[in-house]
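First to last, the protein sequences are chains D and P.
The UniProt record's numbering numbers the first residue of the first sequence as 1 and each following residue consecutively.
The UniProt record's numbering numbers the first residue of the second sequence as 1 and each following residue consecutively.
Keep in mind that the hints were calculated from the coordinates and are not lab data.
In this text the structure is predicted, and so the values were computed from the model without any measurement.
Yeah, the Cβ is synthetic: ideal placement off N, Cα and C, and Gly gets one too.
Where hints are given, some of them may not hold.
[Stated by the list, open to error] Just the calculated beta-carbon pair ranges, DEER-fashion:
{"id": "1", "chain 1": "P", "residue 1": "Ile235", "chain 2": "D", "residue 2": "Met279", "range": "36 to 42 Å"}
{"id": "2", "chain 1": "D", "residue 1": "Glu140", "chain 2": "P", "residue 2": "Phe183", "range": "33 to 39 Å"}
{"id": "3", "chain 1": "D", "residue 1": "Ile231", "chain 2": "P", "residue 2": "Ala64", "range": "55 to 61 Å"}
{"id": "4", "chain 1": "P", "residue 1": "Gln72", "chain 2": "D", "residue 2": "Gln31", "range": "49 to 55 Å"}
{"id": "5", "chain 1": "D", "residue 1": "Leu142", "chain 2": "P", "residue 2": "Phe224", "range": "56 to 62 Å"}
{"id": "6", "chain 1": "P", "residue 1": "Leu197", "chain 2": "D", "residue 2": "Gly397", "range": "38 to 44 Å"}
[As the list claims (entries may be wrong)] Listed below are the simulated DSS-like cross-link pairs for lysine-lysine, each with C-alpha atoms no more than 30 Å apart in a straight line:
{"id": "7", "chain 1": "D", "residue 1": "Lys9", "chain 2": "P", "residue 2": "Lys214"}
{"id": "8", "chain 1": "P", "residue 1": "Lys233", "chain 2": "P", "residue 2": "Lys214"}
{"id": "9", "chain 1": "D", "residue 1": "Lys301", "chain 2": "P", "residue 2": "Lys194"}
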Amino acid sequence: MRLTGWGRKPVVDADMLAPRSISEVQIRCRQTPFRGIPRGNGRSYGDSALAPRVLSSRRLDRFLAFDAETGVLRCEAGVLLADILDVSVPRGWFLPATPGTKLISVGGAIASDVHGKSHHLEGCFSRHLERFSLMLADGETLECSRTQHADLFRATCGGMGLTGFILEASLRLKPIRSAYLRETTFKAENLDHALSLFSEHAGAPYSVAWIDCLATGPRLGRSLLMTGDFIDDGRLRAPVKSPLSVPFDVPGFALNRYSVAAFNALYYHRVRTAQRERMVHFDPFFYPLDGIGHWNRIYGKSGFTQYQFVVPREAGHGGIGAVLKRIVASKRGSFLAVLKTFGPANDNPLSFPMEGYTLALDFKLEPGLLPFLEELDRIVLDHGGRIYLTKDVRMSGDTFRAGYPRWEAFQELRRKYGADTTFRSLQSERLGL
Amino acid sequence: MQKILIIGATSAIAQATARRFARRGDRLYLLGRDPDRLDGMAQDLRIRGAESVSYASFEAEDFARHPALLDQAYEALGGLDVALIAHGTLPDQRACEASFDTARRELNVNALGTLSLLTHLANRLESQGSGTLAVISSPAGDRGRQSNYVYGAAKAMVTVFCQGLRNRLFGSGVHVLTIKPGFVDTPMTAAFDKGMLWAQPEQIAAGIEKAIGKGKDSVYLPGFWAFIMLAIKHIPEGIFKRLKL
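Whenever a hint applies, use it, and build me the whole structure from the sequences.
Structure, rendered in structure tokens:
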């Protein structure tokens with residue numbers, strides 16, 4: 001069947017296995033050894049869940065246990081974060097680390113070691129993971145935690161599905177007393193201002209900035225910084241609304257530097273005062289784009305990529321500034337650029353975050369984009385940073401190795417468990433893993 | 001809170017529908033073939049919010065056991081508001097052409113098993129004067145085609161039986177709903193290439209919940225199948241018999 005990542009390029013004609021139970025996975029993979037890559041809900045942007053054969057967790061979507069007293073939840077790997085929130089929010093529990101979409105599977109969240117607006121305080125998804133069971137290359141299943149097969153636990157968190165197939169996992173949720181947050185929006189005049197606002201509000205549980213990446217000169221990096229904090233009003237029931245959907249591919253000409261510049265300017269001026277406060281439900285606060293089905297169609301049939309990098313704190317201003325200047329000079333607009341701060345890195349060899357700043361930008365795939373992104377790669381590497389594997393569809397093996405110096409330890413571990421010849425994606429082949 | 005019996009509960013459509021009921025806090029009783037799958041499903045539904053979930057294993061062709069199974073379900077639920085009948089198989093048409101034994105087995109599962117359950121359930125609901133019988137039939141029962149007429153004949157029997165039952169029970173306040181899902185991406189159809197017309201079980205489940213709530217008589221899911229079947233039903237037989245459908 002025809003498969004793509006969320007960025008819609010490349011397209012692969014893949015053979016997909018979608019077993020309905022954990023025992024079925026084990027039986028089938030013992031009969032015919034699997035060679036390919038695990039896949040969750042297909043929301044990673046690039047080619048990390050693409051291969052000629054994929055083993056899908058889509059039908060492994062059952063809850064196994066939930067303790068409403070302690071907030072510990074055990075579920076199969078294909079359960080979506082959205083399903084978890086459906087079950088947990090009314091009982092007063094929330095995901096401590098969640099990315100900007102809830103339409104990803106638990107297995108995918110582990111494999112990407114996802115982060116969110118709370119990384120500076122709560123770290124990655126893996127920090128809140130108690131254990132998981134992993135099916136290895138030979139069909140055997142191992143329990144992994146910080147004390148059992150700890151090396152495999154760390155390598156699998158952020159390991160892009162390249163160590164084995166996650167069957168089920170237990171995670172710890174955090175208590176909340178409302179489904180609503182107090183959101184405060186600050187207007188930042190430029191990048192300096194934005195970064196100083198971030199340090200000023202480092203204690204806010206959630207923070208993120210939307211940058212107008214076409215503003216130039218003294219306004220370079222002007223942005224809206226939003227912080228959020230769950231309130232305490234006991235309203236745990238969520239309002240139900242029907243989602244919008246982008247019904248067809250938007251023609252290529254609609255997305256050009258004028259429309260993007262207009263959109264960015266309008267977005268920035270949407271907030272008229274230096275500071276604005278309001279109450280918002282967690283859904284639009286954390287998952288603004290999930291409300292629009294198939295939003296990836298706005299980039300047309302040619303597809304798009306999201307370029308997300310991190311630079312260490314001390315290189316923050318220089319690194320982010322240099323990339324923004326380069327984008328402004330190229331006149332390539334990104335609809336929205338998202339800036340966040342990261343707390344300390346964890347010790348998972350391929351986990352993306354490191355203490356510093358991360359910027360994410362969308363680019364339509366078009367001729368000339370790849371050499372341009374390679375220029376950005378050089379700026380990022382020169383500042384000691386790296387690129388996020390979950391969104392990557394094009395980086396070179398050299399860029400990868402420079403950004404992830406512990407890749408050799410990761411490879412060593414894959415060899416030890418026989419995963420290097422079994423679990424392979426288009427991305428791993430390209431990066432030389 | 002509603003008291004809901006789901007027969008053929010581990011089918012993909014029934015499971016997706018059960019999850020919607022669980023989310024509302026309904027009380028559920030599941031009948032299906034595989035006790036291990038039922039056990040896992042029951043736990044999943046409890047976590048999703050069902051007030052209670054019990055289950056028993058059942059075989060559609062074991063007609064003699066049906067009344068006792070329904071007694072158990074009634075007792076566990078403390079009554080009955082909705083029964084969803086969703087069990088079924090997709091027969092190998094060629095095998096059914098080669099052997100009537102095979103065809104008869106398929107007719108037992110897909111038609112007579114359903115009719116047996118409906119007979120017992122209809123009498124109970126008629127005497128209580130309320131409730132919904134929601135039955136999964138198929139557009140395949142609307143017109144016989146060379147590619148699956150054994151399945152189609154079974155579903156035609158279910159559709160007409162439900163029609164009669166709806167007519168009979170109208171005065172007693174019992175609601176009979178015939179559900180005709182089009183192509184659905186489930187394990188039953190895993191071997192098919194999926195195109196534009198295919199729907200996910202979750203979409204069908206949303207349609208079933210809505211149709212029960214609105215008291216509909218018969219629904220195609222997704223709704224566009226009503227137009228497709230309208231066209232297919234109206235092709236004159238002289239032409240239809242020449243088509244490769």
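| task | Take the C-beta atom of P:Gln72 and the C-beta atom of D:Gln31, compute their distance, and say whether it sits inside 49 to 55 Å. | result | 37 Å, violated
| task | Determine whether the Cβ-Cβ distance between D:Ile231 and P:Ala64 falls within the hinted range of 55 to 61 Å. | result | 59 Å, holds
| So the hint says 56 to 62 Å: do the beta-carbon atoms of D:Leu142 and P:Phe224 match that? | Distance hint for D:Leu142, P:Phe224 is violated at roughly 47 Å.
| Given the proposed pairing of P:Lys233 with P:Lys214, does the C-alpha separation stay at or below 30 Å? | Given pair P:Lys233, P:Lys214 holds - Cα atoms ~26 Å apart, limit 30 Å.
| request: Go ahead and decide if the range 38 to 44 Å is satisfied by the Cβ distance of P:Leu197 to D:Gly397. | output: 42 Å, holds
| query | Do the beta carbons of P:Ile235 and D:Met279 sit within 36 to 42 Å of each other? | reply | Distance hint for P:Ile235, D:Met279 is violated at roughly 58 Å.
| query | Are D:Lys9 and P:Lys214 close enough, with their CA atoms no more than 30 Å apart? | reply | 42 Å, violated
| Does the Cβ distance between D:Glu140 and P:Phe183 fall inside 33 to 39 Å? | 37 Å, holds
| query | Going straight from one Cα to the other, do D:Lys301 and P:Lys194 come out at no more than 30 Å? | reply | 20 Å, holds
Of the numbered hints stated above, those contradicted by the structure are hints 1, 4, 5 and 7, listed in ascending order.
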